[in-house]
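S.K.: Use these hints to put chain B onto chain A, whose structure you have.
There are 2 protein chains.
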Amino acid sequence: MSETPQGHHVVIVGAGFGGLEAIRRLKGSGARITVIDRRNHHLFQPLLYQVATATLATSEIAWPIRHLFANRPDVTTILGEVVGVDPDRHVVKLEDGSEISYDTLVLATGARHAYFGHDEWEEVAPGLKSLEDAVKLRRRILLAFEWAERETDPARREALLTFVIIGGGPTGVEMAGTIAELAHVTLKDDYRRIDPRKARIVLIEAGPRLLPAFPEDLSDYAAKALRSLGVEVMLGEAVSSCDLKGVVYDGKHLAAATLVWAAGVAASPAAQWVGAPADRAGRVIVEQDLTVPGHPDIFVIGDTALSKAPDGSPVPGIAPAAKQQGTHVADTIRARLKGDTKPRPFRYKHAGNLATIGKRLAVIDFGWTKLRGALAWWIWGIAHIFFLIGVRNRLSVALNWLWIHTTGQRSALLITQGRSATSSKAKRSRADNAP
Amino acid sequence: MSETPQGHHVVIVGAGFGGLEAIRRLKGSGARITVIDRRNHHLFQPLLYQVATATLATSEIAWPIRHLFANRPDVTTILGEVVGVDPDRHVVKLEDGSEISYDTLVLATGARHAYFGHDEWEEVAPGLKSLEDAVKLRRRILLAFEWAERETDPARREALLTFVIIGGGPTGVEMAGTIAELAHVTLKDDYRRIDPRKARIVLIEAGPRLLPAFPEDLSDYAAKALRSLGVEVMLGEAVSSCDLKGVVYDGKHLAAATLVWAAGVAASPAAQWVGAPADRAGRVIVEQDLTVPGHPDIFVIGDTALSKAPDGSPVPGIAPAAKQQGTHVADTIRARLKGDTKPRPFRYKHAGNLATIGKRLAVIDFGWTKLRGALAWWIWGIAHIFFLIGVRNRLSVALNWLWIHTTGQRSALLITQGRSATSSKAKRSRADNAP
Chain A
1 MSETPQGHHV VIVGAGFGGL EAIRRLKGSG ARITVIDRRN HHLFQPLLYQ VATATLATSE
61 IAWPIRHLFA NRPDVTTILG EVVGVDPDRH VVKLEDGSEI SYDTLVLATG ARHAYFGHDE
121 WEEVAPGLKS LEDAVKLRRR ILLAFEWAER ETDPARREAL LTFVIIGGGP TGVEMAGTIA
181 ELAHVTLKDD YRRIDPRKAR IVLIEAGPRL LPAFPEDLSD YAAKALRSLG VEVMLGEAVS
241 SCDLKGVVYD GKHLAAATLV WAAGVAASPA AQWVGAPADR AGRVIVEQDL TVPGHPDIFV
301 IGDTALSKAP DGSPVPGIAP AAKQQGTHVA DTIRARLKGD TKPRPFRYKH AGNLATIGKR
361 LAVIDFGWTK LRGALAWWIW GIAHIFFLIG VRNRLSVALN WLWIHTTGQR SALLITQGRS
421 ATSSKAKRSR ADNAP
Chain B
1 MSETPQGHHV VIVGAGFGGL EAIRRLKGSG ARITVIDRRN HHLFQPLLYQ VATATLATSE
61 IAWPIRHLFA NRPDVTTILG EVVGVDPDRH VVKLEDGSEI SYDTLVLATG ARHAYFGHDE
121 WEEVAPGLKS LEDAVKLRRR ILLAFEWAER ETDPARREAL LTFVIIGGGP TGVEMAGTIA
181 ELAHVTLKDD YRRIDPRKAR IVLIEAGPRL LPAFPEDLSD YAAKALRSLG VEVMLGEAVS
241 SCDLKGVVYD GKHLAAATLV WAAGVAASPA AQWVGAPADR AGRVIVEQDL TVPGHPDIFV
301 IGDTALSKAP DGSPVPGIAP AAKQQGTHVA DTIRARLKGD TKPRPFRYKH AGNLATIGKR
361 LAVIDFGWTK LRGALAWWIW GIAHIFFLIG VRNRLSVALN WLWIHTTGQR SALLITQGRS
421 ATSSKAKRSR ADNAP
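In order, the protein sequence lines correspond to chains A and B.
1 is the number of the first residue of the first sequence in UniProt numbering; add one for each residue after it.
1 is the number of the first residue of the second sequence in UniProt numbering; add one for each residue after it.
Chain A extracted, bound-state conformation:
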């Protein structure tokens, strides 16, 4: 970390949607840019559930960060983990003790799933935020069918064929619908002793309806559509316990081997790094111009920030919002470099909410109009292919979806990673037999 040429130095922590957009918009600004991420790839999170459900391959929704900026000599990429910030000395601290100094700092470090004080649930009910999460979930879902095929005890077999998704937001709805499609369509002829069509997919939501960010009639439509796909939708039921045997909700025990957590997120610890005020989810409460109170040279954007839309409502934690914030930060930095230092308030423009339900069904709320069903699904699919990076990945994802929707076959039904399948089984069996 020694060579530091002249020029204003912008350090961007996190290469999600917000961070990438800021880098793009700073092209030609004259600033030197360093982007730091603890992973080597940008992840297209809206399609992550398709990796978890064996639809897409990991390389179709992830891009090496430094490769995206190979033709930008002003951008330096560092694979590293930020562990702190010293705002007085203007340095970012990395995990190996080294420091990187900045003139302007942009924190875009995103969020992780939160377990509301029950961190021990993470091991049994993993969430879905990274490629590793997705591959782990894919592995657990596919292994559950494998173990069921070998299981002779009917009760245990039934537990292995029960999949519980906790949380009825977009991720929960997408996971439930796609697991149902996987079990009831893709895998239906693959087993000899079990019938995957009899697998139970249970979606549990503590609130009174699915997709709370959508209008009520779209929530009702989503619940009806999921039920027609064979998903059991439980509303107004809070989960009080998760373990290797299943879940307890509303006093009832449901035996299930596979749990998926889609119930809540918490921001990264950026607020602690800079000593900024934060809300209960850990998000930095930023000024109107997205800076940290008292630190006009530190911006916080994306899921790490709590900012307000013009109507006073919080800006939602979705990709378009993070991108708009990245654009705003870049524009502010460009203006400052030209000597214009007047505060520039961020104005969020909400384009709409989209969620897919299952094969060829989706809901869209544009505000001025609402869509549901097959047309919404086509718009959803085209929009997502458009926002993927690069011609190659667009081709590859389009080919994959075309294939799945015409043949019903999935190409990524692979169990990889971690301990061997059989040693996991042994471990789980022991756990199942424990008192």
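It is possible that part of the hints are untrue.
In this list, chains with the same sequence are indistinguishable; a pair is considered to hold if it fits within one copy or across any two.
As the list claims (entries may be wrong) - Quick list of in silico lysine to any residue cross-link-like pairs, SDA-like style, CA-CA up to 25 Å: (1) K188 / R38; (2) K136 / K188; (3) K308 / G352; (4) K27 / R192; (5) K349 / I318; (6) K198 / A319; (7) K252 / R280; (8) K27 / T407; (9) K27 / D195; (10) K136 / Q45; (11) K245 / E95; (12) K349 / I382; (13) K342 / R156; (14) K198 / Y249; (15) K136 / R38; (16) K198 / R72.
The set of hints was computed from the structure by calculation and includes no laboratory data.
M.R.: The following block gives chain B in isolation, referenced to the frame of chain A:
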């Protein structure tokens, strides 16, 4: 494992090229077939090095076994690990203590890399036999560049940019050529502090020439072609030590952070399971009809078996040989089911040897003619796409290759799995600093 309908029961252990071919050829034979594999996928091993070098995605060269036989009600697939065989009781023992009885048993369990009594080298110099191996190697290769970008000590930076491949057979030649292409072409513009074109790729072979199964002039051509790609080829140099700091060969120490083992394989423990005679590499010395001496109901095929070609030379450990053996076993079982129990000696037909060297270069030895260079590469590519399973994967691999060869861009440059990048770095740094 309770339901056992009537009919001759063939148990096949291992779903590699030999096992799959036997299952295919037994279609309509009237036999019930159970295939047991400890992984859920068949792997197209000849292209595994392309996953390790970020060219192909894992799902492009692997297929779920049970999905391949979804339309074969006579085939039951078990994800499980065989730990023993009782030939007297005609049962196969699984890792969880359960047993599966057979009328005919086919052992096709393949081989793993062997370290000639130095198993401790496996951790620092991984081999390439499974998808996990390939993803681990990809991770190490890409991380070495990342760490080099952050390293300030010139000697350590040089070690991080030195890649040593041990073993000059087809896998070693393919890995060396492709890592050279990755460093010198794909990654050349991605870094700011290091120049990937200066990375050293060193191929060390203990014997006097590369590709010992090929004619000498093709070996010489391969060495020349690799050197033109920037690979340092060391012949007649045996490696005497591997550790986190690098390798020692012929008394010389070479500092290198990334080692790849391509120097030797050993058969699976099938010989011990059945108490059969084995050669030094652990291969079962089978009868002319591929059965185990004294056990006419147990066949051993593929890399697990040592059988002889008509000219007395050992049948090579390549995919076409395993497939021919699978066909022979299936034909023998079909004949026996019709009452024809006379011994049927296996006659191996050698079609040729192929190896790629790097971008658009390959060598082929058909016996009756030899090819080298670009034409050989085209034949190699077309043959491999032809032997992939399914239209979708053929399209996908062809698209990927086309993309790489026209744009130079690779799509699978992902660092995933295992410990986080940064914790690995910390661990390795500590190891590097150890006395």
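S.K.: State for each hint whether it applies.
M.R.: Hint check:
Within a single copy, K188 and R38 get their C-alpha atoms only as close as 39 Å, which misses the 25 Å cut-off; across copies the closest is 22 Å, which meets it. In the homo-oligomer, the alpha carbons of K136 and K188 lie at most 25 Å apart inside one protomer (22 Å), although the nearest pairing across protomers, at 33 Å, exceeds that limit. Taking the closest pair of Cα atoms, K308 and G352 come within 25 Å of each other only inside a single copy of the chain (16 Å); across copies the shortest separation is 69 Å, beyond that limit. Only between protomers do K27 and R192 lie at most 25 Å apart by alpha-carbon distance; the minimum there is 17 Å, versus 58 Å within a single protomer.
Taking the shortest alpha-carbon separations for K349 and I318, only the intra-copy value of 12 Å comes in at or below 25 Å, while the best inter-copy value is 60 Å. Neither within a single protomer nor between protomers do K198 and A319 lie at most 25 Å apart by alpha-carbon distance, with minima of 36 Å and 39 Å respectively. Neither within a single protomer nor between protomers do K252 and R280 lie at most 25 Å apart by alpha-carbon distance, with minima of 29 Å and 60 Å respectively. In this homomeric assembly, K27 and T407 come within 25 Å of each other (Cα to Cα) only across copies, at 23 Å, whereas the closest approach inside a single copy is 44 Å.
Taking the shortest alpha-carbon separations for K27 and D195, only the inter-copy value of 23 Å comes in at or below 25 Å, while the best intra-copy value is 55 Å. Taking the shortest Cα distances, K136 and Q45 sit within 25 Å of each other both inside one copy (15 Å) and across copies (24 Å). For the identical chains of this complex, K245 and E95 are inter-copy neighbours only, at 22 Å across copies versus 37 Å inside a copy, given an alpha-carbon limit of 25 Å. Taking identical chains as interchangeable, the C-alpha atoms of K349 and I382 lie at most 25 Å apart only when both belong to the same chain, with a minimum of 21 Å there against 51 Å between chains.
Taking the shortest alpha-carbon separations for K342 and R156, neither the intra-copy value of 65 Å nor the inter-copy value of 47 Å comes in at or below 25 Å. Taking the shortest alpha-carbon separations for K198 and Y249, only the intra-copy value of 22 Å comes in at or below 25 Å, while the best inter-copy value is 59 Å. Proximity of K136 to R38 under the C-alpha cut-off of 25 Å is found in both arrangements, the shortest distances being 19 Å within a copy and 18 Å between copies. Proximity of K198 and R72 under a CA criterion of 25 Å is satisfied inter-copy only: 21 Å between copies versus 53 Å inside one chain copy.
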